[in-house]
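Q: Put chain P on the given structure of chain Y with help from the hints.
Each chain, letter by letter, is given below.
2 protein chains.
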Amino acid sequence: MFFADRVSKLHGSAIREMFKLLADPQIISFAGGAPSPALFPSEQLADITAQILKNNPAVALQYGISEGYTPLREFVQSRMKAAGNLGDSDNLIITSGGQQALDLTFKSLINEGDTVAVESPSFIGGLNSIKSYNAKIKAVPVLDDGLDTEALEEIAKNDKIKIVYTIPTFQNPTGITMSLAKRKKMLELAEKYDFFILEDNPYGELRYNGEEIATMKSMDTDGRVIYAGSFSKILSAGMRLGWCVARKDIMEKIIICKQVSDVHTPVLTQMAAYEFCSRYSLDEHIAKSRELYKTRCNAMLSALERYFPKDCSFTRPDGGIFLWCTLPERIDTQELLKKAVQKKVAFVPGATCESDDKSSANKIRLNYSLPDEGKIEKGIKILSEVIAEQ
Amino acid sequence: MFFADRVSKLHGSAIREMFKLLADPQIISFAGGAPSPALFPSEQLADITAQILKNNPAVALQYGISEGYTPLREFVQSRMKAAGNLGDSDNLIITSGGQQALDLTFKSLINEGDTVAVESPSFIGGLNSIKSYNAKIKAVPVLDDGLDTEALEEIAKNDKIKIVYTIPTFQNPTGITMSLAKRKKMLELAEKYDFFILEDNPYGELRYNGEEIATMKSMDTDGRVIYAGSFSKILSAGMRLGWCVARKDIMEKIIICKQVSDVHTPVLTQMAAYEFCSRYSLDEHIAKSRELYKTRCNAMLSALERYFPKDCSFTRPDGGIFLWCTLPERIDTQELLKKAVQKKVAFVPGATCESDDKSSANKIRLNYSLPDEGKIEKGIKILSEVIAEQ
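Protein sequences, first through last, are from chains Y and P. Start counting the first sequence at 1422; every next residue gets the next number (this note's numbering). Start counting the second sequence at 1422; every next residue gets the next number (this note's numbering).
Excised from the complex, chain Y in its bound form:
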């Protein structure tokens, strides 16, 4: 075939393909990973964009710099500095969503055949990006307190790991949060076995239970941690705004890759996000999101307790937008999905979240940020019935 090897092993994201079918308004979807539109500050953004385009069109509609619109970049930099996620030797770029922060990092660092350790299960968009650079992927199980650091060390002993890709906080798809002890262990291992860590943190600000746990980036002393952030879950997903923090030498390469990918992120959306954050309080806005998602998470947990078959189990996230269910071994959740969709309920089958497309065949990812409490209750009831029929 004439295609590049890198794409021949990529299938389209099953989640995104499904997303199209879910246009049917009858379907209760736990499948996506979308924020609630009830939280979009649309009136404010309407006024803001109109003012930007009236007062400053020569900036908003013209080419900008690859690093990002300077006021937004400085705003995010000071937020990251305050959170301990931007050290003196680090730099920050605004990206076209969190996905691009991952992709540019992998593009800058991975050579064909390099070993990249990933969580099993993990985020399909991250996994596909790694695959597209022809890396050798090693999957490390996610335990109740996060990635299995012992299994990771076993891999590191036998194989030169280049990067570990991890979502330590409210992980996609499990909702699990890595313990502080494990985060410290990860940094130790990175030093000992000389690898980088890509800490993907799109959900970190959405904590509604328990104590905040320090990011690995905030404890990183020698620039081994690259940090990816996103506005998708705290402001708007469709605006495609994210950021990446990395040591200056790595960031230089990431900026060059950004130029090659799309020159720069649209200026208008960056200006609008900046204006929103400077006129209003992003923290207050996030607080509203946390409250809503807490209510919805609790609604889903109650429904699962009430309706879910007793031989099924599920995680109890302290934040974020996903939880992860384990069904009896005999159930193939890709098959289950077809039956569920007939009953107008959708979820993400576990195998979709695995680098081998096979493991976690009896698991499912459930999203609770998009459907409201009524739909959550109704959808979980239907899903429980579909499972019970198996």
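Calculated from the structure, these hints are not laboratory results. Honestly, I wouldn't trust all of these hints.
Identical copies go unnamed one by one, so any copy, or any two together, can satisfy a pair.
EDC-like mimics (lysine to aspartate or glutamate), calculated; alpha carbons at most 16 Å apart, straight line [unchecked claim]: (1) K1430 x E1673; (2) K1430 x E1756; (3) K1613 x E1571; (4) K1581 x E1612.
A: Chain P in isolation, oriented as in the chain Y frame:
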């Protein structure tokens, strides 16, 4: 080093680095490739974005599909169909600017070591993308009537060419347009030697002299031509909107690469572009652009005739936004640039537009879309004096 090989050979785009220095409002810049902000329909877009965000925020601010916002995609599809650039076996994706259309095409098709033929000189963003996939680059001279097809055939005889990257109409950086005969010859060669052609056409609608020449895509019978289009020069550069047309099997891979790169192009900017095109006439808007750029091109040509040293020559574009000057062999234009910037005039040195970073050392690219007629006259006079001093 720990960087991926693909980025170790990329330097940041000299043009984009320069762009930052040009913030000095005193500088007359012929260096960029930006559209005139006088043409931005900012009042209309201000009303449009405010209405979109008030009436349809749940679409504008939410995740969209990787193929693009459907109404915009259909609008561009019908435009492309009318222009003969979208055949029955083709498909179209909305991209984050024309640059992403190039990058996703190369990502989908180029394996390490594949031979890619490019024009000498060519567009730095295209060249860097090709380099980032570790292709073997073969440079083919651009003659007065476009790429040297005989030189291309010589290369094809000795080497398996995978893709030819070309900007046949109002080429960047030369402003030269490929003749119809050569376009047909290119298609013959593509068939004979089994290669693809990436026809990059961001300037094609900006013709102000001479007769329209059929695109290669419109004469393509077996899906060998991939077509990249852009809104950057006809609506807004900062909105980062472009598109790519390719045979369905190739487009499938491009869509997957898009998912991995940035999931989708921002919905708000796509909706705004669509609303503008459906409420107003894009063709009328483009006609205004053509008129302005014709005036500015003529202003630059007159100034060059009046002031430029007699041992220098320059191209006379029939459209687009660039022309290309040849100075005496002894002049290194990278050095010349430093002197010109001291006198507050900037341009792009020729070597920047070459895949080997060396050829065209005595050439310069001049942009006339951004500076107004007064600045063009003044800047060319100063530049001519700087050259004469050499």
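Q: For each hint, tell me whether it holds in the structure or not.
A: Do the hints match the structure? See the list:
In the homo-oligomer, the alpha carbons of K1430 and E1673 lie at most 16 Å apart only across protomers (13 Å), although the nearest pairing inside one protomer, at 29 Å, exceeds that limit. With identical chains, the CA atoms of K1430 and E1756 are never at most 16 Å apart, being 22 Å at best within one copy and 47 Å at best between copies. Taking CA atoms no more than 16 Å apart as the test, K1613 paired with E1571 passes inside one copy only; the shortest distance there is 14 Å, against 57 Å between copies. Taking the shortest alpha-carbon separations for K1581 and E1612, only the intra-copy value of 13 Å comes in at or below 16 Å, while the best inter-copy value is 45 Å.
Hint compliance for this structure: hint 2 alone is broken.
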